[in-house]
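Chemist: Line by line, the protein sequences are chains A and B.
Quick note: the first sequence uses the numbering used here, first residue 99, plus one each step.
Quick note: the second sequence uses the numbering used here, first residue 96, plus one each step.
Source of the hints: derived by calculation from the structure; they are not laboratory data.
Built from N, CA and C at the ideal position, the CB exists for glycine as well.
Among the hints, erroneous ones may be present.
One-sided excerpt, in silico: chain B residues whose CB lies under 10 Å from chain A [stated by the list, open to error]:
id : residue
1  : Glu109
2  : Gln132
3  : Gly135
4  : Gln136
5  : Gln139
6  : Met148
7  : Asp151
8  : Phe159
9  : Gly196
10 : Glu202
According to the in silico footprint, chain B covers these stretches of chain A (three or more CB under 8 Å from chain B) [to be verified]:
id : stretch
11 : 134-144
12 : 196-208
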Amino acid sequence: AQSVAQPEDQVNVAEGNPLTVKCTYSVSGNPYLFWYVQYPNRGLQFLLKYITGDNLVKGSYGFEAEFNKSQTSFHLKKPSALVSDSALYFCAVRDRADSSYKLIFGSGTRLLVRP
Amino acid sequence: AAGVIQSPRHLIKEKRETATLKCYPIPRHDTVYWYQQGPGQDPQFLISFYEKMQSDKGSIPDRFSAQQFSDYHSELNMSSLELGDSALYFCASSLGQVDTGELFFGEGSRLTVL
Numbered sequence: 099a100q101s102v103a104q105p106e107d108q109v110n111v112a113e114g115n116p117l118t119v120k121c122t123y124s125v126s127g128n129p130y131l132f133w134y135v136q137y138p139n140r141g142l143q144f145l146l147k148y149i150t151g152d153n154l155v156k157g158s159y160g161f162e163a164e165f166n167k168s169q170t171s172f173h174l175k176k177p178s179a180l181v182s183d184s185a186l187y188f189c190a191v192r193d194r195a196d197s198s199y200k201l202i203f204g205s206g207t208r209l210l211v212r213p
Numbered sequence: 096a097a098g099v100i101q102s103p104r105h106l107i108k109e110k111r112e113t114a115t116l117k118c119y120p121i122p123r124h125d126t127v128y129w130y131q132q133g134p135g136q137d138p139q140f141l142i143s144f145y146e147k148m149q150s151d152k153g154s155i156p157d158r159f160s161a162q163q164f165s166d167y168h169s170e171l172n173m174s175s176l177e178l179g180d181s182a183l184y185f186c187a188s189s190l191g192q193v194d195t196g197e198l199f200f201g202e203g204s205r206l207t208v209l
């Protein structure tokens, strides 16, 4: 069975500082990995995905994520945080060995960027 | 660009009533997914449809049913509503059964059961 863990309920960072939001996954096969962002009372917006190839994936709004197979991690990063980045971030996984195409989401991490 | 449209955006119902949520996928998208997000929770997969056929089923209660129509829009029908059904219900769409593809989410329908 697929699962995603986001160990931090909340991450606090000062504007201009780098940020990291952690995600680890568990799948029976190889994973497809995704990051989504959710602003209050809004839908989930796609940020980036890892399918294959380069372990460092670049996405929207300056975000990037690094796939680490040995550590089964896919941490979200940004070199310089903005106050407007404050939101709820979800990591999601799809197992290539699974015939289903649904995404399984982690519990979410609230990012708070202070001015 | 057109996005996933969900209606209604907000719905208030009494216990034991019924509710119907509608989802209009992005044009040409033939796959629809329904998720339920409780307060402070992650989105939980309910059910999905591909080309008007159910393609996968998750933790959807027997009181709920869904279908996808010929124009690819989908409806989630919920009966005998319980307080615990209060949640944000998301619909997402994608083009085909492509395992590398991301899902595109609507803004959600917030159901409150009193």
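Chemist: Would you mind marking each hint as holding or not holding in the structure?
Modeler: Status of the hints after comparison with the structure:
1. Glu109: violated, 23 Å
2. Gln132: Hint holds; Gln132/B Cβ to chain A Cβ min 9 Å, cut 10 Å.
3. Gly135: holds, 8 Å
4. Gln136: This hint holds: Gln136/B lies near chain A, its Cβ roughly 8 Å from the closest one there, short of 10 Å.
5. Gln139: holds, 8 Å
6. Met148: Hint on Met148/B: violated, closest Cβ of chain A at ~13 Å, above 10 Å.
7. Asp151: Asp151/B check passes; min Cβ-Cβ to chain A is 5 Å, inside 10 Å.
8. Phe159: Cβ of Phe159/B sits 16 Å from chain A, so the hint is violated.
9. Gly196: holds, 8 Å
10. Glu202: At about 5 Å, which falls below the 10 Å cut-off, the nearest Cβ of chain A leaves the hint on Glu202/B intact, so it holds.
11. 134-144: holds (count 7)
12. 196-208: holds (count 9)
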